[in-house]
Each structure stands twice: as C-alpha cells, then as structure tokens.
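Enquirer: Put chains B and C on the given structure of chain A with help from the hints.
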Amino acid sequence: MIRSRRGRRLAAAVAVVAAASVLGAFGPAGAQDRSPIKVGISTRLTGRAALIGDGDRKSVLMALEEINAGGGIAGRPVEAVFADNRGVPSEAVAAARKLAEVDQVVAIVDSAGSSGTLAVMPILPELRVVNLAKTSTNPQIYALSGVGGNPWSFRMNLDDEMIADVYSAFIAQRVRTISVLAYSDDFGRGAAAAYRPRLAARGVRVVSEDFFDRGLPDYRPLLSRVKRLNPQGILLVVTAGDAMVFVRQFAELGMTQKVFSRGDIASPEFVASIQDAPQIAEGWMEATLWAQGVDTFYEQRYRTRWTSEPIIHGAMAYYAVRHILAAAFEDAAARGGRIDRETVRQSLGRISVPTPIGTIRFDAHNQAYPNLYIVEIRGGRVVILRSLRVSPPQR
Amino acid sequence: MTARPVSAGRPDAARRAGSPRAAVAAALLAAGLLAPVVLGTPYLRHILTIGMLNAALALSFDLLAGHLGYVSLAHPAFFGVGAYTAALLNTRWGLPVGPTFLAALGGGALLALATSAPFFRLSELSFAIGTLGLSLVVQAVANNWVELTGGPMCVTGVGYPAPGFLARLGPPQVGAYYVAFALAVAVAALYAALTTGRVGRVLAAVQGDEVLASAFGVNPLRYKVVGFAVSAAVAAAAGAFYAHYTTVICPDDLSPLLTLNLLVMVFVGGLGSLRGVLVGTALFTTLTEAARFAEAVSQLVYGLVLLAVVLFAPDGLEAILRRWARGRGQTP
Amino acid sequence: MFLVEQVVNGLTLGSLYGLVAVGLALILGVARFVNLAHGQVMMLSAYLILLLHRRQGLPYGPAVLLTVTVLTAAGALTAVAGQRVIRSSWRTQLVVTLAVAVILESLVILGMGAVPQVLPTAYSRRVVRVAGLALSVQRLLVFTAIAATFAALQAFLTYSRSGKAMRAVAQNRDLAMALGVDPVRVGALTFGIAFGLAALAGTLLSPLYTIYPAMGAAVTFKALAAVVMGGFGQVTGTLGAALLLGVAESLAGGFGLSVYQDSLAFLLMIGVLVLRPQGLFGARVRL
Chain A
1 MIRSRRGRRL AAAVAVVAAA SVLGAFGPAG AQDRSPIKVG ISTRLTGRAA
51 LIGDGDRKSV LMALEEINAG GGIAGRPVEA VFADNRGVPS EAVAAARKLA
101 EVDQVVAIVD SAGSSGTLAV MPILPELRVV NLAKTSTNPQ IYALSGVGGN
151 PWSFRMNLDD EMIADVYSAF IAQRVRTISV LAYSDDFGRG AAAAYRPRLA
201 ARGVRVVSED FFDRGLPDYR PLLSRVKRLN PQGILLVVTA GDAMVFVRQF
251 AELGMTQKVF SRGDIASPEF VASIQDAPQI AEGWMEATLW AQGVDTFYEQ
301 RYRTRWTSEP IIHGAMAYYA VRHILAAAFE DAAARGGRID RETVRQSLGR
351 ISVPTPIGTI RFDAHNQAYP NLYIVEIRGG RVVILRSLRV SPPQR
Chain B
1 MTARPVSAGR PDAARRAGSP RAAVAAALLA AGLLAPVVLG TPYLRHILTI
51 GMLNAALALS FDLLAGHLGY VSLAHPAFFG VGAYTAALLN TRWGLPVGPT
101 FLAALGGGAL LALATSAPFF RLSELSFAIG TLGLSLVVQA VANNWVELTG
151 GPMCVTGVGY PAPGFLARLG PPQVGAYYVA FALAVAVAAL YAALTTGRVG
201 RVLAAVQGDE VLASAFGVNP LRYKVVGFAV SAAVAAAAGA FYAHYTTVIC
251 PDDLSPLLTL NLLVMVFVGG LGSLRGVLVG TALFTTLTEA ARFAEAVSQL
301 VYGLVLLAVV LFAPDGLEAI LRRWARGRGQ TP
Chain C
1 MFLVEQVVNG LTLGSLYGLV AVGLALILGV ARFVNLAHGQ VMMLSAYLIL
51 LLHRRQGLPY GPAVLLTVTV LTAAGALTAV AGQRVIRSSW RTQLVVTLAV
101 AVILESLVIL GMGAVPQVLP TAYSRRVVRV AGLALSVQRL LVFTAIAATF
151 AALQAFLTYS RSGKAMRAVA QNRDLAMALG VDPVRVGALT FGIAFGLAAL
201 AGTLLSPLYT IYPAMGAAVT FKALAAVVMG GFGQVTGTLG AALLLGVAES
251 LAGGFGLSVY QDSLAFLLMI GVLVLRPQGL FGARVRL
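Chains as they are written, first to last, in our numbering: chain A, 1 to 395; chain B, 1 to 332; chain C, 1 to 287.
Quick caveat, the hints were computed from the structure, so don't treat them as lab data. Note that the structure is a prediction, hence the values are computed from the model and not measured. Take these hints with a grain of salt, some might be off.
[Unchecked claim] Here are the computed distance ranges between Cβ atoms for each label pair:
#, chain 1, residue 1, chain 2, residue 2, range
1, A, T359, C, R129, 52 to 62 Å
2, A, S308, C, D174, 56 to 66 Å
3, C, R129, B, A290, 50 to 60 Å
4, B, L221, C, R276, 19 to 29 Å
[Stated by the list, open to error] Some chain B residues close to chain A (C-beta under 8 Å, calculated; not the full set):
#, residue
5, L39
6, T41
7, P42
8, Y43
9, H46
10, N144
11, G151
12, P152
13, C154
14, T156
15, G159
16, T246
17, T247
18, C250
Glycine included, C-beta positions come from ideal geometry on N, C-alpha and C.
Extracted from the complex, chain A is given alone in its bound form (with noise of 0.2 Å):
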C-alpha cells in the first residue's frame, strides 16, 4: 500500500520534473529549434586525481567544437556542464543532482570512479536522466544496470571479471606462477578479486598477494619479499604515480620476473618517467581499455589543440560524447525530434554505432562491448600486441 502510495508521489514528482525540462527547453531560446543540447560532465577537477578531470574536459570541449563545427544535431548546438565530484561518491551524488536538477542536462557522462558510479546509480530514477559511466570497472555495475533494475544506467567501458576473463588467458600462457600486487582500494582490490578465480582457473599459481595504499614511497619491502618468494610474473594493479617508482626498486633490485599491468604503466606520465632509462620497463605487458596508439587521429588532434598528451580517461570522454551521446541524440531526432531524458535512453538501448575502440552496442544490462588492447613497452615505447573483442558475460 506504501508501495502504490510511494509510487503516486513519484509519479507527480516526475510529472512536475518533465513539466520543468520541458520549460527549461523552451523557455530561454525562444527559437526551440536552435536551443543547445545540454550534456553533464560528472568529473575529478580537483583532489588526487584532478589529471583525470583535466583530460576529460580538454577531450569533452574538443568533440563538442567538432560537432559543432559540423551544424550541431538536428541543428542545435551541443553544450557541456561541467560538475566537479572530486573523486568521492557522496560528492558525485550532488554533482549528478545539481547536473540534473539546475543545469538540466539531457545525459550526464560520468567520470567518479566506481564507488561514485554505484553512489549515483540509485538515485537516478529519481532524476530521471541517463548516466554513461565510462571508466568504472566495478562488476556490480553490470548486475544493477538495465535489466538488473536501474534503466538509467549505462556503461561504455568493460568491467574487472570482463577484462579479467581475457587477460588471465593471456598471462596463463605466459607464466605458472605469480605475485599479485595491488592498491587497496576499490581499483586493485577489485581486480585482484577478479583474477583470483580466473587465474586459478586456469592453473596459474597465486604465491602472494599483497595490497598497499596509494603512494607509497618504497616498494623495497615488498618487492624483497616477492623477490624471495620467485614466481614468473608478477601482476601489478597500480597507477602511473607509483608505477614509476615501483619500476625503479625492481630494476634496483634486479629483478627479472614478467610484470602485467592492469594500470596505466601505458600512459604518458609512465612512459616520460622511464625514458632516461628505458630497459628497465622492457616487455612489461598491460590490458587497457585504451592507449596511445589506438585512435592516432583523435591523439593528433588533442595535441594539436591542448599542446598536451592524450590519456585514457580523456579518450573514453571523447568517445562518449563524439561518438555515443551525439549517435542517441541523432537518433532521437530522426525518430520524433524530441531529445529529452527519456529519448536519450531509449535511443542509447537501440543504437550500434561503430567507434575506434570498437562498435559500441549496449546490451539488456545497458553494456557495452569495446575492445580490450594488450600492450607492451618496448624501447620506452607503448607497443599494441593485441586488439580482443570481448564477449557479454556468462552470470
């Protein structure tokens, strides 16, 4: 009974927000033909990971000048709102909110991590706007998306057990023993819960497993212990930031086991730090979702542009917007003219539209299937060994 009550009271909620986009679309430009389209940016601009924030704006306005460039979507200007989140999943719910509710955006893309993905996920029926997670790997996501419940999430981005099922074949063909070594935090944690299974699965031995906060200033301790214990490789899940000196104690050491990345040991930040000595990264191995080298027509223009390095995050917002978002808005328009919240959901269900990093086509858990890339460093350089298409999960 509280249920149907409940829902009433949703339902004119949703009635009074839909009455006030719709305003909001006509209100202002007079000319509703010419109003802009407005799309939200959920990102870090600030805290730790304020790079991310950077990449993501710098790659969001360029794709929105291109589109522009080019007349618009059905004649109307595509604009960014921009809402910092700094990285926490109490601040990426009011970000999403204040997108939502004063900017009145039509989509928002969310850049928050997965914990601020999964903080967000549940209020969006509420606001009734579609989010577009792009770099969060968190398998809970999968679950909860489309037909698991939430009809406004969305992801474009594969997640841990997804890269996880490639990858672990990969390394098992390469080594029979191996280190794990992980941040603790919902990025390596989750990992290492991905490849634990899969990697046993597959006759791969875990000898160690051992997880390390954020910024560690000595991987001695660590790697003298993983030194000991032997194994062929080693799986490393960290960012650039301690990759670099991770690289560098191991090199110290002289150790020589097979390193594989699920980082960004393929970025920029990575690469410039190890090129006063490039051989200490030799053949060291990563799946990522994206890297230099993939898309070189979107990397010359960015440089172009920003006269600054391309990254991944920056990349999958690019994509995002230039190719996913701009693809539903088009196909809104061709169907009834109206792009609204509930047009933009229902057009990112049906579109397939082909993308450098794979065609994008979101599946009943509104996922997405890019490409995975194995990449190695060879002469401090990223080289792309492999381009894997991924296949929707068996859960």
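Expert: Quick look at chains B and C alone, frame taken from chain A:
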C-alpha cells in the same frame, strides 16, 4: 591572542536568551520546517540537507573545542564508526533505519568512552595529536578490514532515511531532509542546553581553571569525558545519516579532510558560539556548492580564508556580528 | 639475510621520517611551535631541486647545496617574520600551519600539476652490491649523509655557543632569556636548521621515490608520530623513533602486512602516548 577568544560573550548571550534570541530561533525553526515546501528544486533541498548535517557535525566538534578546550581531530573516526555501524547493521542484518541511528549513537559514544581514559591524561596538544592518530587508524581499519567493511569497495545499498510517517510527506528526499533537520535542531538544542545555565558555567570553569573547578567539588574529568562522549555520539549519528542518505559509505569519507572542513566552519564562524558556528556552517556549505561551478582553486581558497581569519579575525565572524549588533545598539 | 635486507630497506624510509621529524622536534622543543606544514617544506625542496636539476640542468651536487641553503634561509626568515604566530596558542598554531600546508600544496598543484615526477640521478641508477645486497649508490649516499648530519647536529648542540643557547631555551625559556639569550636569534637558528633538514630529506630521497604535491602531508603525519614516540622535542629520541618506524614499516611490508604499514605509525604513536607519554626512550635529557 587569547586562548579562549569568545568566552567573554557567553554570559551576556545567556542573559539575552529571552526575547530576541527566542524569536530568531523560532523563525529559523519555521523556515527549516517550511523549506522543502518553498524550495522548488530538489537540488537546493539537497544542499540544505547537507547543510543540516554539517551543522550537527560542526556543533558537536565545537562542544569540545569551544567549551572544553580540547580540539579533537578524531571526528572522522566517530563519524565513520556511526556510518559503518548503521550501514552494516542495515545491509547485513536488515536492521530498520530508525534503530540503526541508535546503534550508531551507541557505537560512537562507546569508542569515545573507551579512548577517553588515556586521551584525557594527555596535555591538550597531545590530545589533538592522539585523536588525529585515532582518526587515521579508524580510516585504515575501514579500508583494510575488507571482510567486515567491504574495504575500498564500500558498503552500498544502504537504506534511505525516510522512516514511516515521513514517507507520506512526498518523495523520500523530503523525509530525509526532515531527518537531517531534526538532527540539527536536536544537536543545537543540546548544545544550547550544555553551554548555557549551570552546566555552561561549570564547563567554562573546567576549561578556565581546572584546579579551581575541582576546589568547588566539580570533577573536571567527568565533564570532559561526558562532553567527549556526547560530541562523539552526535558525530556518529551524523555519520549514520550520511550513510543512509548517500546510500553508500566508503573509507574515503573518513579522511582528515573532514576535520579540515570542520576547522574552517568552526574557526571562521566563531569558536564557542552557537550563532558563530551556524553562520560558519552556512557559509561553508554554500561556498562548497558554489565552488562546484568554478573549481580548480577551491582548496587554495579554503586555506587562504582559514589563514586570514585566524590571523586577522581570530574570533571569527561571530565577533564581527557582535560588534555590528552592538553598533546598532541591540546589546545593553 | 632477508631480515638484514628488510632492515636496510627500512633504514632508508626511516631516514626520510627522521630528517623531517628531527626538525619538527627541534621547532617544538625550542620554539614551542607545532608545525603541521613541515612535510610541505620537504615537498617544496623536492620541487625546487626538480626545477634546478632536471629543468635547469644544474648538476645534482650543487643543486642539493643550493636547495638546502635556500630553504635554510627561508626557515630563518619564517621565524623572524612569523613571530606573532609562533608565540600564539598551540590551537592557533595547529590551524595556521594546517592552512599553510593546504595553501602550499594547492599552489604547487596549480604551478606544477598533480602528476608525480621522477628525479633520476646518476647515483640512483648505479647499483652496487654490498654484502650481498643490491643497493643504489643514492641509498648509500643517503645513509652517509644522514649519519654525518646528525653527528654534526649533535656536536653543534653540545659544544657550540649557539647550540647551547638553543638547549637552554628548550629547557627553560624564561631563564635563558634572563641570562641574555636572544629568543629571535635562537628562533631563526632553530627554524633554519629544521627547514634545512627537511630540504636535505627532499633532495636526497626524492631520486629514490617520486615527487608529487601530497608527498609532504603523508610524511608530516609519520614524522609527528616519531616526535611523539621520541618524547616531544628530543632529538636523539625522535631520530631513534623515526628509524624504528621505518624498519617496522619495512618489516610489515616484508611479511605480507603491507596494508597495515600506514596505520602502524599511528597505532604505535597512540600506544606510546598512552603508556609512555615521556617517549620510548624515557627520561633522557632534553635535546
């Protein structure tokens, strides 16, 4: 610079507790009650909800810092214990939302009582450092005891704080707002009760001259311990609300950043003053939201504002407000 | 052998904590000032040497000397210019230095970006084998420099006139002033030495680690723990505690407890506060 900047104002504030102050309180109460009806966008309601949460936290922090002289940097620890207690009881054992608050309250108070004996043997400086250590340890436990807390994967799917009758008021966010509002009002009332009248005078005595206080038969330690426990219990209740409201609680939410925010709210507003702390909280909450629009330098601005206030207006905005009020002849 | 290796690993980390912590202890003991921005001094020195050595191409040795000199001067200047704050209540000190820490960190982020940087030197790349351990020359340099620095500091405090004045102020400020010790001069000297030590940490250890804006905050907390464990303001005690802390963290990492590495310092600190408020090494003479 005096150690206790605003204490001089308190007796006089107590005397005035009668008419204008009661009117202001009533007006604030009415405004708070009507806010969700008046405010059109849920976003503003959300900011107001966070503001209420901040007020409860800042007042509980100031209860100890402004009235007993102990700057406890362990607030994130109590906030975290409350948040995790509520979140885990709710998600793992299905405890309904109301009782989770009580459990959180108890958890916070217990941790404070357990740590108070050693902490209050220390000097005020060592107390600050020791409590900082406690907050870092609790955060580390939340981060690393994965079996219990889920570690960095967070506790998700925590029940929304819109109990029973509140659910009938409209969307659940309205109910949540009223829970936060009730929390803030209760804490403000508690704060007023503890800092004025007889208890207030005893606290002032304990802070001013412990030896003298004991000479008059007051056990300073007891007041300090109770003050610490009350402060911790409130922080824990705020934590519980936060976990329910955002439906997720992560170790990152327990970072020392929370302490920094509290310092800004309390010191900018005015240490030891209800009005000052509330003004500081309102300002902080608004500015934090405003900063979401034009970011990049917000941390720098926090730092500069905090520095400027402590250096040039050590008594905070409260002192300025008071001077202004006196200028207009409101105070006898 | 494994244990020896972990102890050596820990000593490097302990040296980092020690250099910062001893400065913190000196300032606390002599000037009665709690500097929560002390780690940020180290961070600034790391960025300065990054600019001098990597960007401007100044050789490593002169770059270290210049950086340490600049920060020593900055320390003395801070002591003279910030007298009012230094003499304020410790509560004000906590808030002011916390604010300064935040400001310095944000400024560095704005100016240099948040991306971690490396500062490889010829010494950090050359590895030698000492008694079966693979160690970079930089590590050996760190150990030597630290031993020499603390020997010199100890001699200075024990035998020189200025050092004796510092100790006198630490033990009884009023009496020392009555006997004609100039508190401003002593303050400047104390801050100068403390900042210089932090700069030594930043310049010697950043070739082994990375340079990033938040590197200071983490070290401030650890150094604070060492100061508490060393008995608030005692130089030898603090150094001993810092080295012990480094070794303890290293052993934790070496035995698969690396997640607890960071909380270890604070647990130990709380333990010492509660059980031995006078510090681990008991009632040794102050300074």
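Enquirer: Would you mind marking each hint as holding or not holding in the structure?
Expert: Checked hints:
1. At roughly 54 Å, the beta carbons of T359(A) and R129(C) sit within the given window of 52 to 62 Å.
2. Hint check: S308(A) to D174(C), Cβ distance near 58 Å, so the stated range 56 to 66 Å holds.
3. The hinted window of 50 to 60 Å between R129(C) and A290(B) holds, with their beta carbons roughly 59 Å apart.
4. The hinted window of 19 to 29 Å between L221(B) and R276(C) holds, with their beta carbons roughly 21 Å apart.
5. Here the hint on L39(B) is broken, as its CB sits about 11 Å from the closest CB of chain A, past 8 Å.
6. Taking 8 Å as the C-beta contact cut-off toward chain A, the hint placing T41(B) at the interface holds, the least distance being around 5 Å.
7. Hint status for P42(B) relative to chain A: holds, with the closest Cβ pair at about 6 Å, below 8 Å.
8. Hint on Y43(B) holds. Least Cβ distance to chain A is approximately 4 Å, under the 8 Å limit.
9. Annotation: interface hint on H46(B) holds; nearest CB of chain A at approximately 5 Å, less than 8 Å.
10. Against a cut-off of 8 Å between C-beta atoms, the interface hint on N144(B) holds, since the closest Cβ of chain A lies about 6 Å away.
11. For G151(B), the suggested interface contact is upheld, since its CB lies about 6 Å from the closest CB of chain A, less than 8 Å.
12. Because the closest C-beta pair between P152(B) and chain A is about 4 Å apart, less than 8 Å, the hint holds.
13. Annotation: interface hint on C154(B) holds; nearest CB of chain A at approximately 5 Å, less than 8 Å.
14. The criterion of a C-beta within 8 Å of any C-beta in chain A is met by T156(B), whose closest approach is roughly 5 Å, and the hint holds.
15. About 11 Å separates the beta-carbon of G159(B) from the nearest beta-carbon of chain A, more than 8 Å, and the hint is not met.
16. A distance limit of 8 Å between C-beta atoms decides the matter here; for T246(B) the minimum to chain A is near 5 Å, and the interface restraint holds.
17. For the restraint placing T247(B) at the interface with chain A, the shortest Cβ-Cβ distance is roughly 5 Å, inside the 8 Å limit, so the hint holds.
18. Interface restraint check for C250(B): the shortest CB-CB distance to chain A comes to about 5 Å, inside 8 Å, so the restraint holds.
Hint compliance for this structure: hints 5, 15 are not met, and every other hint is.
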